[in-house]
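Engineer: What follows is each chain in one-letter form.
There are 2 protein chains.
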Amino acid sequence: MEASDEHATRERLVRAAIALIPRLGWGEVTTRKVAAHAGVRPGVVHYHFASVSDLLGEAAVRSTRETLAAPMAALASAEDLRSGLDILLSALDTTADDASTVMLMAESLLAATRDAGLRARLHDLLGEFRGEVTAWLRRHTGDEHAEATAAVLLAALDGALLHRTVDPSLPTDALRLPLERLVTAGSAS
Amino acid sequence: MEASDEHATRERLVRAAIALIPRLGWGEVTTRKVAAHAGVRPGVVHYHFASVSDLLGEAAVRSTRETLAAPMAALASAEDLRSGLDILLSALDTTADDASTVMLMAESLLAATRDAGLRARLHDLLGEFRGEVTAWLRRHTGDEHAEATAAVLLAALDGALLHRTVDPSLPTDALRLPLERLVTAGSAS
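Residue numbers (my numbering), protein chains in the order written: chain A, 1 to 189; chain B, 1 to 189.
Only chain A is shown next, with the shape it has when bound in the complex (with noise of 0.2 Å):
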């Protein structure tokens, strides 16, 4: 095969693996369906891949990061505090109305506890959001622990995501005046 080929089946098998691990559940996700669902023999799996919890974390991280791309990039250049609140509580309406993109973060987590290598790849991309976060605090306040309320935000946002899947009229209006108090108290000290 040729690399772009390489690359495109290699691609088909992500995308297989994000449409079908909310679909059947993580443990449910074979290397079998992943590549019928794909259109490749089930070897091509293992061509690309050292096993199929790879190509899942793979699918996890790639998912998760594409759901953030926007709204990350938007922070990255946002005006002030509440416009960057606004972003990123637009891209909580936004994921908590794609049911698939929340049980696939949901399903990968608990995945998560009972395999080391996805927690390694899920911390660093963690830190990854957790860094953004931060760097847009520290450019709009003086706050000196800009790194514990991003934490505490992401948690927050996180949180509020699951709590949605439970809870769905909660609304997201309803979130903003005691997030504003979280991320402006650091501008006062």
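For the record, the hints were derived by calculation from the structure and aren't laboratory data.
Since the structure is predicted, the reported quantities are computational estimates derived from the model, not experimental observations.
A few of these clues could be false.
[What the hints assert, rightly or not] Partner residues are not named here, just some residues of chain B that face chain A (Cβ under 10 Å, in silico):
| hint | residue |
| --- | --- |
| 1 | Gly27 |
| 2 | Leu68 |
| 3 | Ala69 |
| 4 | Met72 |
| 5 | Glu107 |
| 6 | Leu125 |
| 7 | Gly159 |
| 8 | His163 |
| 9 | Leu175 |
| 10 | Ala185 |
For each residue, glycine too, the CB sits at the ideal point set by N, CA and C.
Using the hints provided, position chain B relative to the given structure of chain A.
Structural biologist: Same frame as chain A, now just chain B:
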């Protein structure tokens, strides 16, 4: 069977489900396996529960309620905002160290995306905890937005619990300052 025996059997089934969900994963806990673990015939499960999903739902609610019973009782008699926050942060530490409970919570939230009955049960449970946290905030602050603050605080605690699964180094102490800001900001208004 006498009523007390029936109660004991039902209880054994709930305990078996609480033990098996984190170990096998929600979807793998079958009537047969839960009966074997509890030391009863499979038919006994259906005598006590309409379905295995019903048993799993009861196990999820029971486990979460038991995990939070002591902290919620302590919160009700906390002397001030800070001591209440200490109680919640120490509950976060205790729960984070108990991998089975974290996995059971994550498994049940994930299962709830696929099961409306479970979703309704977890919705009620979340509402109950939010009510208790709201009441604590109202006792110690003049926060008009105590309900929204409670929703964000619980989301932050649940999110931190999940983030700890991929980042065990995240210290609870680091979260204290931003969470203090979150809950005390309402006192000033």
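Engineer: Against this structure, judge whether each hint is valid.
Structural biologist: Cross-check of the supplied hints:
Hint status for B/Gly27 relative to chain A: holds, with the closest Cβ pair at about 6 Å, below 10 Å. For B/Leu68, the suggested interface contact is broken, since its CB lies about 15 Å from the closest CB of chain A, more than 10 Å. Because the smallest distance between the Cβ of B/Ala69 and any Cβ of chain A comes to about 20 Å, over 10 Å, the interface hint for this residue is violated. Violation of the interface hint for B/Met72 is found here, the shortest Cβ-Cβ separation to chain A being roughly 17 Å, above the 10 Å cut-off.
Hint status for B/Glu107: holds, given a least beta-carbon distance of 6 Å to chain A, under 10 Å. Evaluation of the B/Leu125 hint against chain A yields a held restraint, the C-beta minimum of about 8 Å falling below 10 Å. Using the Cβ-Cβ criterion of 10 Å, the hint placing B/Gly159 at the interface with chain A is satisfied: the shortest such distance is roughly 3 Å. Given the 10 Å rule on beta carbons, the hint for B/His163 holds: about 6 Å separates it from the nearest Cβ of chain A.
With a least beta-carbon distance of about 6 Å to chain A, the hint placing B/Leu175 at the interface is held under the 10 Å criterion. The beta carbon of B/Ala185 is positioned within 10 Å of a beta carbon in chain A (closest approach about 4 Å), and the interface hint is therefore held.
The structure is inconsistent with the numbered hints 2, 3, 4, although it conforms to all the rest.
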